[in-house]
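Chemist: First to last, the protein sequences are chains A and B. Quick note: the first sequence uses the numbering used here, first residue 1, plus one each step. Quick note: the second sequence uses the numbering used here, first residue 1, plus one each step.
Just so you know, the hints here were simulated from the structure itself, not pulled from any lab data. Because the structure is a prediction, the values reported are computed rather than measured. Don't be surprised by glycine CBs; every beta carbon is placed ideally from N, CA and C. Some hints here could point you the wrong way.
[As the list claims (entries may be wrong)] Ranges between beta-carbon positions, derived for each pair: (1) A:Met53 / B:Met211: 28 to 38 Å; (2) B:Leu256 / A:Gly167: 33 to 43 Å; (3) A:Tyr15 / B:Met211: 24 to 34 Å; (4) A:Glu11 / B:Ala253: 52 to 62 Å; (5) A:Met53 / B:Ser243: 29 to 39 Å; (6) B:Met211 / A:Asp8: 19 to 29 Å; (7) A:Ser14 / B:Ala282: 25 to 35 Å; (8) B:Ser276 / A:Asp8: 34 to 44 Å.
[Claimed, not checked] Here are the computed lysine to aspartate or glutamate pairs in the EDC-like style, where the Cα-Cα straight-line distance is at most 20 Å: (9) A:Lys2 / A:Glu155; (10) B:Lys446 / B:Glu369; (11) B:Lys373 / A:Asp181; (12) A:Lys201 / B:Asp233; (13) B:Lys326 / A:Asp145; (14) B:Lys373 / A:Asp96; (15) A:Lys201 / B:Glu105; (16) B:Lys94 / B:Glu105; (17) A:Lys101 / B:Glu105; (18) A:Lys201 / B:Asp289; (19) A:Lys201 / A:Asp145; (20) A:Lys101 / B:Glu290; (21) A:Lys204 / B:Asp338; (22) A:Lys101 / B:Asp289; (23) B:Lys326 / A:Asp8; (24) B:Lys326 / A:Glu113; (25) B:Lys326 / A:Asp46.
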Amino acid sequence: MKILLIEDDREAASYLIQALDEAGHVSHHAADGETGYAMASSMDYDVLIIDRMLPRRDGISIIESLRAEDDNTPVLILSALGEVDDRVTGLRAGGDDYLTKPYAFTELLARVEVLARRSSPNEGETHFEVGGLSLDRLSRKVERDGENILLQPREFRLLEYLMKHSGQVVTRTMLLENVWDYHFDPQTNVIDVHMSRLRSKIDKGYKGQILHTIRGAGYMIK
Amino acid sequence: MNSSFRLWRTTTFRLTALFIVIFVLAAISLLAFMAYQSSIQIQRSQTVEIEREIRELVRLEKVRGIRSVANVVQKLARRAGPGIYYLGDEKGRKLVGNVSNFPMEVLTQNGIHTFNYSIEQALPDNIGNNTKGVGYALVSSRKLKGGFRLIVGRDIVERRGYTSIIFRGFLFGVIGIVILSLITGGITAKRVLKRIDSISDTTDKIMSGNMSQRVPITKRNDEFDRLATSLNDMLDRIENLMSGLKEVTDNVAHDLKTPLTRMRSKAEAALRKGVSAKDQRAALQATIDESDQLIRTFNALLMISRVEAGTPSGSFASFDVSEVAKDMAELYEPVAEDAGIELILKTEKEVSIYANRELIGQALVNLIENAIKYAGGGKAKNKKIVLSVGEENKNVRIEVSDNGVGIPKEDRERAVERFVRLEKSRTEAGSGLGLSLVRAVAKLHKGEFYLQDNKPGLRAIIEIPKDKQ
């Protein structure tokens, strides 16, 4: 995957580039807004990671210009500003996701990978299948090895999100944001409790594990 | 000198002076108009009277002849008063009367005439009291049969008197009014100045460091008292915030230093010789966890201060609070169940509110997490948390109650302060910021947050006005 990182903190950027490379991505770095904008508009990237506060040109204006030019490359906004309003302005300007500094690299990586997939055409799919597990969005049926599994509505949405991003790490905050539509940071392990319930329904008593816990990152269905 | 100069510079005094000038100008024009009007009026009524006398005399001449007229004119001329009577021959010589030297046109032309004359030489003693100066006469002249000329008129003494009376009245009135208004203006200005001085004295004292000073309030309950009250309220708020800030700074120092110290010692221990790679990894992981907790604390602090500063109302929208409560109950129900606590949701059908949905959700989460943490410690057999949303007197009431250990009455106020965790040891997980954020969120929505005894347990209540703010 080809990623452009526009970030003025050189040390943070070099860690991030290194980590992205280790994760198997090709990443470029721009240290200020103007250079970043020039690179983003002249080359093809799968995902742009843009810091909000940049020298010479701020992140929001870069995104607005790109969107005005019909460039729909997914954008992840990085920001030290984490309040609801800042998130809203960022997303309104055309950003696709918003991550507050400081962040865990696993969180950033998971979000970047999901963003890159978003531009590929599985968006409209109605039927997902992973191993022996299948989920149908129209009939709202979930089956494991041919057996029907009854899920609560929220459990269904949880599984739906996980299966839509099968093979990708999904973090707890991503689940809270996308399945529950809240952006707060819970102190307790709420998501883990829901996941263990889901797991007991779709994995327990079947051969082979489908729902995996990725340590220090989140969950993955594969 | 200095004080009278200050008095002059007050708005009240300047307004008074301005009003005096306007008043005097208005009085002058009013009086001038009145004087003009009344002189016209006097002249008109005199003219009517003169014409009537002339007509009578002309008729007398027709009936009884000129001799009889001369007799009457002579009698009339002798009477005391402002009357002017004259009967002369065709050559302009006076036969009878009390005035002789008329201007030429009066002796030759019929009709009404007015003219000035010198009283000393012209009028006999019996005319008027004003024997000095210039007289003003209004006469009617008529030529009779045989060339005789009859003149009847009045010396308009009233006119002179009137003018001087008006002028004197005006002078005394205006001087009196000017003096009175200057005095009252001065007194008012002085009083206003005194009140203002007491306010600026207070602010001076506060600026020099005495935060407990307040503007004195009188019993008059006037606009200055209202100003003073709102100033005092503002000062209370500022003082509160300042002492709060000091406490927060102390607590931040303590609460952030402790985990930082722990992190530092862990890293140091891992660097020592003879530590296995596995243990080093574990130490690094522990450092990351510790810093995550620190970041979380920072985020909570930032969030509280941003909410307290007031987020722009652009983030407000109308939504159903019961829906949010339902989401949260559903989200936390499994967590509560794992802790052996029943989470019960009680909501009315739809409770619409104009608010920031994220913040209301966050406040609810803080209350539920708090309840789960403390409900477990209670003695009740069936531990439970009740989350209810309802409407009461135009307020939306969000309530989270548990039957756990509760908070003693004397600690309830303090529990809402930043970083206050009531167990002294501070060993329990959590930043001690949860309830502070709830209060900040309630305040942002012009509402209240308070804690009550649930007997046993704690009842946390958020009340937010339902109206669009």
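Chemist: Tell me the hint numbers this structure goes against, listed in increasing order.
Modeler: Those not satisfied are hints 3, 4, 6, 9, 10, 11, 12, 13, 14, 15, 17, 18, 23, 24 and 25.
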